[in-house]
Amino acid sequence: MKSLITSRERAAAIMVFLVALAVFPQFDQEFYTELVTRVMVLAIFAVSLDLLLGYTGLISFGHAAWFGIGGYVLALLGTKYQITNNLWLTLPAAMAITAVASFIVGLFVLRTRGMFFIMVTLAFAQIFYFLFHDVKALGGSSDGLNLRGKPTTEINGWVPFELTDTNTLYYFVMVLLVAVLLFMALLLRSPLGRALQGIRENEHRMAAIGFPVLRYKLAAFTLAGSLAGMAGHLYAVLSGGVNPELMSWHQSADVLLMVILGGMGQLWGGVIGAFSFVLLQEILSVMFKQWHLWLGTVIVLLVLFLPDGMISIFGRIKALARGRNP
Amino acid sequence: MKDEVLLKTIGLSRTFGGLKANDKVSLELRRGQVHALLGPNGAGKSTLINLLSGDIPASSGQVLYRGEDITALSPHQRSRIGIGRSYQKTNIFPGFTVFENCRLAAQSREPRGTRIFSNAASYSPYMVAVEEALDRTGLDDVAQRPARELSHGQQRQLELAIMLCTRPQVLLLDEPLAGMGHEESLRMIELLRGLVASHAILLVEHDMDAVFSIADMLTVMVNGVVLITGTPEQVRSSPEVQSAYLGSDAEASHV
Numbered sequence: 001m002k003s004l005i006t007s008r009e010r011a012a013a014i015m016v017f018l019v020a021l022a023v024f025p026q027f028d029q030e031f032y033t034e035l036v037t038r039v040m041v042l043a044i045f046a047v048s049l050d051l052l053l054g055y056t057g058l059i060s061f062g063h064a065a066w067f068g069i070g071g072y073v074l075a076l077l078g079t080k081y082q083i084t085n086n087l088w089l090t091l092p093a094a095m096a097i098t099a100v101a102s103f104i105v106g107l108f109v110l111r112t113r114g115m116f117f118i119m120v121t122l123a124f125a126q127i128f129y130f131l132f133h134d135v136k137a138l139g140g141s142s143d144g145l146n147l148r149g150k151p152t153t154e155i156n157g158w159v160p161f162e163l164t165d166t167n168t169l170y171y172f173v174m175v176l177l178v179a180v181l182l183f184m185a186l187l188l189r190s191p192l193g194r195a196l197q198g199i200r201e202n203e204h205r206m207a208a209i210g211f212p213v214l215r216y217k218l219a220a221f222t223l224a225g226s227l228a229g230m231a232g233h234l235y236a237v238l239s240g241g242v243n244p245e246l247m248s249w250h251q252s253a254d255v256l257l258m259v260i261l262g263g264m265g266q267l268w269g270g271v272i273g274a275f276s277f278v279l280l281q282e283i284l285s286v287m288f289k290q291w292h293l294w295l296g297t298v299i300v301l302l303v304l305f306l307p308d309g310m311i312s313i314f315g316r317i318k319a320l321a322r323g324r325n326p
Numbered sequence: 001m002k003d004e005v006l007l008k009t010i011g012l013s014r015t016f017g018g019l020k021a022n023d024k025v026s027l028e029l030r031r032g033q034v035h036a037l038l039g040p041n042g043a044g045k046s047t048l049i050n051l052l053s054g055d056i057p058a059s060s061g062q063v064l065y066r067g068e069d070i071t072a073l074s075p076h077q078r079s080r081i082g083i084g085r086s087y088q089k090t091n092i093f094p095g096f097t098v099f100e101n102c103r104l105a106a107q108s109r110e111p112r113g114t115r116i117f118s119n120a121a122s123y124s125p126y127m128v129a130v131e132e133a134l135d136r137t138g139l140d141d142v143a144q145r146p147a148r149e150l151s152h153g154q155q156r157q158l159e160l161a162i163m164l165c166t167r168p169q170v171l172l173l174d175e176p177l178a179g180m181g182h183e184e185s186l187r188m189i190e191l192l193r194g195l196v197a198s199h200a201i202l203l204v205e206h207d208m209d210a211v212f213s214i215a216d217m218l219t220v221m222v223n224g225v226v227l228i229t230g231t232p233e234q235v236r237s238s239p240e241v242q243s244a245y246l247g248s249d250a251e252a253s254h255v
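Protein sequence lines correspond, in order, to chains A and B.
In terms of my numbering, the first sequence is residues 1 to 326.
In terms of my numbering, the second sequence is residues 1 to 255.
If you are wondering where the hints come from, they were derived from the structure by calculation, not from laboratory data.
All residues carry an ideal CB built from backbone N, CA and C; glycine is no exception.
To give a feel for the contact side, a few chain B residues facing chain A, derived at Cβ under 10 Å:
no. : residue
1   : D55
2   : P75
3   : Q77
4   : R78
5   : R80
6   : Y87
7   : I92
8   : F93
9   : P94
10  : G95
11  : A120
12  : C165
Beta-carbon label-pair distances, calculated as ranges:
no. : chain 1 : residue 1 : chain 2 : residue 2 : range
13  : A       : L306      : B       : V5        : 53 to 61 Å
14  : A       : R111      : B       : D140      : 35 to 43 Å
15  : A       : P307      : B       : Q234      : 55 to 63 Å
16  : A       : R111      : B       : G230      : 43 to 51 Å
17  : A       : F130      : B       : F117      : 33 to 41 Å
18  : A       : R111      : B       : A178      : 27 to 35 Å
19  : A       : I59       : B       : S151      : 27 to 35 Å
20  : A       : S312      : B       : S118      : 23 to 31 Å
Next comes chain A alone, as it looks inside the complex:
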């Protein structure tokens, strides 16, 4: 564990953050508990995109496709076709199906680079958007599908917890967020994770020293898609329904912004990005009528003055403090 946490301050900050998260629902503010649950789901989504964006150097503009498909897997299995509404089946199914879908799409899109990759990922996401918008068998309609209820958690007659309880759902999502972060931390220091970062740093040289770059990128694309599918499933559980907007290009752009705001290629960047993005939205939409305008302005300013994301604030404060008392 020790090598996963790079400094004492960092470890302390993470502990404080996790304790605060754990205590938060005890204030029994249902609205805010749900809001933070949503933020944690978006954080999983953002962290999954960061695996591509920040660690492998792949700018995917279609990441919402996997998020949406993850949600639709739950809605189709649990509500439309009523095959099973069990959490322990639908969540793995959402992850497996998004993994397969992103693997297949990855086979095509990963052959392109740069601007073309951005456009092709966007195009594929639009294809999925219209599939779920128009194909009746997939619940096609602009309204989407309403879930018939939260997934059950029964295992052989034993019910460990009920997702209908706001706080329980909160803690369930929190456990998954921590698990995803732990998984990412382990992945990033593993040979596979190092190779992905090598591809981000210098793809050409990676091939020259013998790495089958396409295969590694495909692994990253599939993993990221699967994690986004997990987030999508949870998002559907939380909001009680799905609609094609989950995989719209706005959603892809929002999650890109979260990662960029928080800090690309930083394990906690996606988490910080999700929190600040939603917080900004909430605050600005209360304060201003044309809040989108202000949101855009704030984001432009943040990106201009904090190009390494909000997470770099910590380093800057530290540098300032060191500069004043050397």
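Given chain A's structure and the hints, the job is docking chain B onto it.
Quick look at chain B alone, frame taken from chain A:
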């Protein structure tokens, strides 16, 4: 096996549009030999290295590695069978430490390099190759520095260290001495001398003193065509070379 032919080309050609960058190039690289490639700018030396490493595909002709046709293999496949290359323009992982640059290259030799839950940094099978390469190139002292902070000469040494960590049999070196200081050049030449017994080396280099001090064989190229292949003495005394290359104004100062 000394003198074994490791890499061989037969009528290797590459055209870019109408330009014949390499025209029916045939040569052999043997273990234990430094084979230097000479020629004016635009003669097709870098193109030949790119054809051998697979960075660009051949238009026609064959590349054989230990007798097997590898013309269709991709760069990463050629690297895996034992063909290593360095680049004329430094091509490293600038954001990583020197150590990580080398470790990553050594990792590429690990068949199960995709293992997910082990710590790459403390995985010992990589370390032997890494330490040897750092020691040989004299980069031990800067192992923990980010590669982008190194001097130009050190980055050139890292360029070579990365290649050595992949444990290649054939070394394709594209101007390894470019931009190096005198001391660094001498060190690099010593390094190549140490490597030659167990490797086949193809050397593209403009520093003629270095080339003639180390090369066992020379191939002179002009306009994509091999003008002559022979020992340094044979090449030096060849009248064709005198007129076509060594006598030309542009390169005369190097000789």
